[in-house]
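Participant: This is what each chain is made of:
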Amino acid sequence: MASVPSSSSLVAAGTVAARPAPPKVLRRMKVRRSTWLGVGLVTLYLSVIVLIPLAAVIWHAAELGPAAIWRVVSSPDTRAALQLSLMASVVVAAINAVVGTITAWVLVRDSFPGKTIVNALIDLPFALPTIVAGLTLLALYGPNGPFGVNLAYTRAAVMVALLFVTLPFVVRSVQPVLIELEQDVEEAASALGARGFTVFRRVVLPSLLPAIISGAGLSFARAIGEFGSVVLISGNIPFKTQIAPVRIFALVESGDSAGAAALAVVLLLISLGVLLALAFVQRWGRRGDEEE
Amino acid sequence: MRRSRSGPAALGAGGSRAGKYGLRTIALSYLALILVLPVGMVFYRTFENGLQPVLQALVDPLTLHALYLTVAIAAIAVPLNTLFGVFCALLMVRRRFLGKSILSVLIDLPFAVSPVVVGLSLVLVYGRTGWLGGWLAENGVRVIFAWPSMVLATIFVSLPFVVREVVPVLQEIGVDQDQAAHTLGATPWQTFWRVTLPAIRSGVTYGVILTTARALGEFGAVSVVSGKIAGRTSTLTVHVEERFQQFDLVGAYTSSLLLAVIALVIVLSMTVLRSKEVGA
Amino acid sequence: MRMRIGALALALAAVAALATLVAGAGAGSTVVLVSYSTPREAYAELIPAFQQTDAGVGVAFSESYGSSGEQSRAVDAGLPADVVTFSLTPDMTRLVEAGLVDKTWDQNEFDGFVTKSVVVLVVREGNPMGIIGWADLTKPGVEVIEPNPFTSGGAKWNIMAAYGAQLKQGKTEEQARTYLADLFKNVPVQDKSAREALQTFIGGKGDVLLSYENEAIAAQQAGEAVDYVVPAETILIENPLAVTVDAGASGPAKALYDYLYTPEAQAIFVSKGYRPVVEGVTGADQFSTPTKLFTIADLGGWGTVNKDFFDPSGSVMATIEQGLGISTQQ
Chain A
219 MASVPSSSSL VAAGTVAARP APPKVLRRMK VRRSTWLGVG LVTLYLSVIV
269 LIPLAAVIWH AAELGPAAIW RVVSSPDTRA ALQLSLMASV VVAAINAVVG
319 TITAWVLVRD SFPGKTIVNA LIDLPFALPT IVAGLTLLAL YGPNGPFGVN
369 LAYTRAAVMV ALLFVTLPFV VRSVQPVLIE LEQDVEEAAS ALGARGFTVF
419 RRVVLPSLLP AIISGAGLSF ARAIGEFGSV VLISGNIPFK TQIAPVRIFA
469 LVESGDSAGA AALAVVLLLI SLGVLLALAF VQRWGRRGDE EE
Chain B
34 MRRSRSGPAA LGAGGSRAGK YGLRTIALSY LALILVLPVG MVFYRTFENG
84 LQPVLQALVD PLTLHALYLT VAIAAIAVPL NTLFGVFCAL LMVRRRFLGK
134 SILSVLIDLP FAVSPVVVGL SLVLVYGRTG WLGGWLAENG VRVIFAWPSM
184 VLATIFVSLP FVVREVVPVL QEIGVDQDQA AHTLGATPWQ TFWRVTLPAI
234 RSGVTYGVIL TTARALGEFG AVSVVSGKIA GRTSTLTVHV EERFQQFDLV
284 GAYTSSLLLA VIALVIVLSM TVLRSKEVGA
Chain C
268 MRMRIGALAL ALAAVAALAT LVAGAGAGST VVLVSYSTPR EAYAELIPAF
318 QQTDAGVGVA FSESYGSSGE QSRAVDAGLP ADVVTFSLTP DMTRLVEAGL
368 VDKTWDQNEF DGFVTKSVVV LVVREGNPMG IIGWADLTKP GVEVIEPNPF
418 TSGGAKWNIM AAYGAQLKQG KTEEQARTYL ADLFKNVPVQ DKSAREALQT
468 FIGGKGDVLL SYENEAIAAQ QAGEAVDYVV PAETILIENP LAVTVDAGAS
518 GPAKALYDYL YTPEAQAIFV SKGYRPVVEG VTGADQFSTP TKLFTIADLG
568 GWGTVNKDFF DPSGSVMATI EQGLGISTQQ
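Which chain is which? The protein sequence lines are A, B and C, in order.
Mapping the first sequence onto the working numbering, position 75 (from 1) lands on 293, and the numbers just tick up by one.
Mapping the second sequence onto the working numbering, position 202 (from 1) lands on 235, and the numbers just tick up by one.
Mapping the third sequence onto the working numbering, position 49 (from 1) lands on 316, and the numbers just tick up by one.
The following block holds chain A by itself, in its conformation from the complex (with noise of 0.2 Å):
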């Protein structure tokens, strides 16, 4: 068998253990040598694209030294551009689990006209152009708006501008979730006289959940580093509604590079961090479902 390292090789080394097992230990190791080429071809990828840069970053801020980074990491500004962000970003990544759910529900279980349209257009917020985001948004919700609603450089434009850019997440998360549950559970839950909400809390929630968390957790992600729109609808007014990716443009804009670099990896840390925990969470999710 060619050992040629291809995707298709490694399905078919995949489905070795359906035929008569060929001598163990060659088979062990013919599934190891293609695996670890896989591995490190895809570890080469992600160095090179992502790993490398990151760790420049690190690394420039590692110069300045533990006691400076501190300085900088904790002086006023930065803390309170840091708690915006947090805060917004929670907030945000709160209510895209909640609304996020009930819009793929709607558009996988539900039919109404224009359906397709509606379904096409929740991937609009990432091909738009931040700048294009926070543009409209102030047309529609700033001074000049047609709705007399103004919530121009206030915080709470900080929250539309990211609930736009994060919206296709838990959306795009759940979707093919429910797309592929099996209803007989909730059917029989029905028949046996539970109503609609407690079919759906007990039997279809759990099955969700996964889904819904990474989501909203990607959406938290994107939401802290979220710059371009927020920027023209936030009014940038340090400790009120200026958030950290600005503050790390102002570093740099300062000339603080490293300093600029030291934020980027506290906020590097924390949105890691939450990943981390949601790697936890879906493992923990698919426990039940199959082998690792």
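Fair warning: there could be bad hints in the mix.
[To be verified] Restraint-style ranges between C-beta atoms, simulated for each label pair: (1) C:K370 with A:L487: 51 to 57 Å; (2) C:A316 with B:P94: 36 to 42 Å; (3) C:A316 with B:L97: 21 to 27 Å; (4) B:S62 with A:L487: 33 to 39 Å; (5) C:K406 with B:L66: 35 to 41 Å; (6) B:L66 with C:Q488: 50 to 56 Å; (7) C:G400 with B:G55: 58 to 64 Å; (8) A:D402 with C:G470: 53 to 59 Å; (9) A:G491 with C:A316: 56 to 62 Å.
[Stated by the list, open to error] Computed list of chain B residues with no C-beta within reach of chain A, every gap over 12 Å: (10) V72; (11) Q85; (12) V87; (13) L88; (14) Q89; (15) A110; (16) L155; (17) G163; (18) E171; (19) N172; (20) G173; (21) R175; (22) F189; (23) A296.
[Claimed, not checked] Dumping the calculated SDA-like pairs for lysine to any residue here, alpha-carbon to alpha-carbon at most 20 Å: (24) C:K452 with A:D295; (25) B:K53 with A:F415; (26) B:K133 with A:S265; (27) B:K53 with A:V317; (28) A:K333 with B:L68; (29) A:K333 with B:S62; (30) A:K333 with B:R50; (31) C:K383 with C:L560; (32) C:K406 with C:A448; (33) C:K521 with C:K406; (34) C:K438 with C:V363; (35) A:K333 with B:V305; (36) B:K53 with A:T416; (37) B:K133 with A:I276; (38) B:K53 with A:F498; (39) C:K452 with C:M396; (40) C:K539 with C:Q488.
Simulated from the structure, these hints should not be mistaken for lab results.
Beta carbons: idealized from backbone N, C-alpha and C, even for Gly.
Position chains B and C relative to chain A; hints supplied.
Facilitator: Just chains B and C now, with coordinates in the frame of chain A:
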């Protein structure tokens, strides 16, 4: 693949009429406020002064070049991330190795990194005083402030989507079909193309859609590493900002509209493709 | 089958894109101009005009515009540049320290500056609130738009104008700092950059905008309904210009540099709202001369000013911003 039935019966056994309409109202009003209205605003603002200024803005050489650059960069970033995504998903779902969770988190990293930081990181590596900058400059290789760094930035921010979309699907379908194909004598290549890939089709499709949308819409990181050389390294997003700065709101909105239209076309065509294949 | 076609299409698209990008990247010999954002309209006329002259025939140009600090850092990070021009001197000094611009850049007869401007008070058309000077800005109920000095290099001009004006009015340094604090109490929005602040003002927010004269004129020329007041005391903004070390002391880059100081080029700058550095340029009389004009040198030079006023920790502005935060937090 099991599909859910749509329609009132499928809303969830026991769901009341009021409940169904209530949910629909919540979802649609939220979408209207947060999504549809802003996007509609883009359309409205673009054509506010009539068709003529829009057409003028569209045929402007700067806009056309920005359009070409945006599409070219996406045309490189999306296939690369798709290839990586499918390969990586197969590896993670079907193989056993140490550090799988770590790999999973690393793949999600791009979601967590702010565009400002992405730009900074690429400058720190490829810039004049960066890790590779000196060597690159000596050998006349232009990475930073040229299209290669813009491609790198775009790949960075759109990296996780295909993996994330394909992994759950792969986990769902298992290996039975592949095993069956194998015992029937299919080569690994045939198994992949004829059995595996069609089975993960919906995951790949959604992954490609999201990757493309993200690649088109990236602004912050690309703006920093592009050097903003007019007519050379401006993508549509950078062009939008520049037009806005020059008081040319029609130009800014026209380019935004272009982006939205491209994204919509991609999404709609892939959705149509997908639903046709799943079976009417 | 469809998947195979799809994959093939993706692969072909990638290869085609790669091919066009690689082919297009082979730039001929062009002169690269890296500039801050506001003179874009001016250079749109200046470069074609230069190409009509003997020295400029056949010279191709690439231009890059962005915020002054960003552009300066980009050149520092490796953005190729032959001619550089910025909004304020520290952005040029950065390149001198990096060895990219010769330290004699400011030793021509104009001290290295190619255009000038002044800080003005931009108001709504017709000046409905009757703003005439700095004192009007601290009155209760007046909203002043001013960009954040930590993200906008240009915002620093505004603040030093306000500060210096107080000194010119006879106040002490302490009183001048108090004025700044009072001024910022009236600032509801601090945009990231000067241009964004202008857009915010045009969008309807605020009563007065602190900006430069050439920005206000640019807005007026773009049809926006704004007027501006030149206060009696204000700072002279001087914009530096230089040829980089890489471009060489002779050659087309230097030719452009020399051209920009000719009366013809300075007249084009004037038509876009900049004050000329050369004497006797047509149209220069449209600019009023503030009675008490001062420069950054009068305030100690950018080195001192940056440290005392704009250091992210412990400077005058940092303290003021923190003071705002404490008073507005619940």
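Participant: It remains to establish, for every hint, whether it holds in the given structure.
Facilitator: A quick look at each hint next to the structure:
{"no.": "1", "hint": "C:K370 with A:L487: 51 to 57 Å", "result": "violated, 41 Å"}
{"no.": "2", "hint": "C:A316 with B:P94: 36 to 42 Å", "result": "violated, 20 Å"}
{"no.": "3", "hint": "C:A316 with B:L97: 21 to 27 Å", "result": "holds, 26 Å"}
{"no.": "4", "hint": "B:S62 with A:L487: 33 to 39 Å", "result": "holds, 37 Å"}
{"no.": "5", "hint": "C:K406 with B:L66: 35 to 41 Å", "result": "holds, 38 Å"}
{"no.": "6", "hint": "B:L66 with C:Q488: 50 to 56 Å", "result": "violated, 37 Å"}
{"no.": "7", "hint": "C:G400 with B:G55: 58 to 64 Å", "result": "holds, 59 Å"}
{"no.": "8", "hint": "A:D402 with C:G470: 53 to 59 Å", "result": "holds, 56 Å"}
{"no.": "9", "hint": "A:G491 with C:A316: 56 to 62 Å", "result": "holds, 58 Å"}
{"no.": "10", "hint": "V72", "result": "violated, 6 Å"}
{"no.": "11", "hint": "Q85", "result": "holds, 22 Å"}
{"no.": "12", "hint": "V87", "result": "holds, 15 Å"}
{"no.": "13", "hint": "L88", "result": "holds, 20 Å"}
{"no.": "14", "hint": "Q89", "result": "holds, 20 Å"}
{"no.": "15", "hint": "A110", "result": "violated, 10 Å"}
{"no.": "16", "hint": "L155", "result": "violated, 6 Å"}
{"no.": "17", "hint": "G163", "result": "violated, 7 Å"}
{"no.": "18", "hint": "E171", "result": "holds, 19 Å"}
{"no.": "19", "hint": "N172", "result": "holds, 18 Å"}
{"no.": "20", "hint": "G173", "result": "holds, 20 Å"}
{"no.": "21", "hint": "R175", "result": "holds, 17 Å"}
{"no.": "22", "hint": "F189", "result": "violated, 5 Å"}
{"no.": "23", "hint": "A296", "result": "violated, 3 Å"}
{"no.": "24", "hint": "C:K452 with A:D295", "result": "holds, 17 Å"}
{"no.": "25", "hint": "B:K53 with A:F415", "result": "holds, 11 Å"}
{"no.": "26", "hint": "B:K133 with A:S265", "result": "holds, 16 Å"}
{"no.": "27", "hint": "B:K53 with A:V317", "result": "holds, 14 Å"}
{"no.": "28", "hint": "A:K333 with B:L68", "result": "holds, 15 Å"}
{"no.": "29", "hint": "A:K333 with B:S62", "result": "holds, 14 Å"}
{"no.": "30", "hint": "A:K333 with B:R50", "result": "holds, 19 Å"}
{"no.": "31", "hint": "C:K383 with C:L560", "result": "holds, 12 Å"}
{"no.": "32", "hint": "C:K406 with C:A448", "result": "holds, 13 Å"}
{"no.": "33", "hint": "C:K521 with C:K406", "result": "violated, 49 Å"}
{"no.": "34", "hint": "C:K438 with C:V363", "result": "violated, 36 Å"}
{"no.": "35", "hint": "A:K333 with B:V305", "result": "holds, 13 Å"}
{"no.": "36", "hint": "B:K53 with A:T416", "result": "holds, 15 Å"}
{"no.": "37", "hint": "B:K133 with A:I276", "result": "violated, 23 Å"}
{"no.": "38", "hint": "B:K53 with A:F498", "result": "violated, 34 Å"}
{"no.": "39", "hint": "C:K452 with C:M396", "result": "holds, 19 Å"}
{"no.": "40", "hint": "C:K539 with C:Q488", "result": "holds, 8 Å"}
Violated hints for the displayed structure, listed by number in ascending order: 1, 2, 6, 10, 15, 16, 17, 22, 23, 33, 34, 37 and 38.
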